[in-house]
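Undergrad: Chain residues, written in single-letter form:
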Amino acid sequence: MTGVWIGAAILALVVLPIVVVLLKGVLDAAKSITPTIDGIAATAERGSADLDAAALLLTTQQQVKETIAGVAAYGGSLDVILDDAEPAR
Amino acid sequence: MTPVLAATSAGIVMILAVLLIVLALVYFLVATILELRKIVAGLDRVIEHVGGIVEKSGPVNEIVNDINANLDAGVSALEGLLVKKAGMADAMGLIDGLYPGAAADGLRDFPDSGDITPPRIGEVYTRGTLTLARLGREAPIAAASPRGPAIRDALYGSAASRKLYPAGREYGARELPRSPTIGTDSPEQYEQREDIGQPRKKFPAKQS
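Residue numbers (our numbering), protein chains in the order written: chain A, 12 to 100; chain B, 154 to 361.
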């Protein structure tokens, strides 16, 4: 009889608080992760949006090619119409 | 209290304690599951956006390398042309005249160019030559020049160029003779020959 009472008391006064404390710790930890995940998601979304301009690099690449081609054409023309420097004596 | 009632009470208390434990387990585990579901949803959003970042930044390296290769080729061509036409010493003097102190860095494709003492190029080249060269600094591409940002207005480039001579034409320019009109229709033919404008008498030899 006494053993049953002691068992009930241990369950109610020791096991139950320990279970509650442990599970509350797990729940609090899980709740603390949620805002962090939301922050990461928002940052990733902004980073992804910032990279939308990366497609303009294709335009830049084409313009650089055309510019260098123009520079080469001008340089070739200058090479024709200008005399070379005299060799150093 | 009879032994039976006492035993029944102890059993009820134990059952209540177990029931409370189970209820606590259910409450906290369900709450944890809901939080984990939120985390999973958030991670899904993260993965979606990170995938977008990876997809958008994928070709950047190749494109930037191509741009750099083109710009490197342009720099090499311009440096080579400058050295070929002006000579190494005058080229360094010209660079130092436009960007004081830049000659010490030398040319990229000419490692020894940094050791040359640049001549005072203003005494070698005319003002017009220096002005032409200086116009390069007005190009938008020269925004990062050591002498500050580009001074050219990309939309009104001619107006920006006119600022180089705010007083207008050079003093005495009106008294200078105009450039002669040349060509077959010019009022004065500088070489009076009858065969000019006529069919060619002797054709060049055919190329094999």
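It cannot be assumed that every hint is accurate.
To be verified - Not the full set, but computed from the structure, chain A residues with beta-carbon under 7 Å of chain B:
| no. | residue |
| --- | --- |
| 1 | V15 |
| 2 | A19 |
| 3 | V31 |
| 4 | V32 |
As the list claims (entries may be wrong) - Using 25 Å as the maximum straight-line C-alpha spacing, the simulated DSS-like pairs for lysine-lysine come out as follows:
| no. | chain 1 | residue 1 | chain 2 | residue 2 |
| --- | --- | --- | --- | --- |
| 5 | A | K76 | B | K237 |
| 6 | B | K209 | A | K76 |
| 7 | A | K42 | B | K191 |
| 8 | A | K35 | B | K191 |
Since the hints were made in silico from the structure, they are not lab data. All C-beta atoms in this analysis are idealised placements derived from N, C-alpha and C, irrespective of residue type, glycine included.
Undergrad: Provide an ascending list of the numbers of those earlier hints which the structure does not satisfy.
TA: As far as the earlier hints go, only 4 is violated by this structure.
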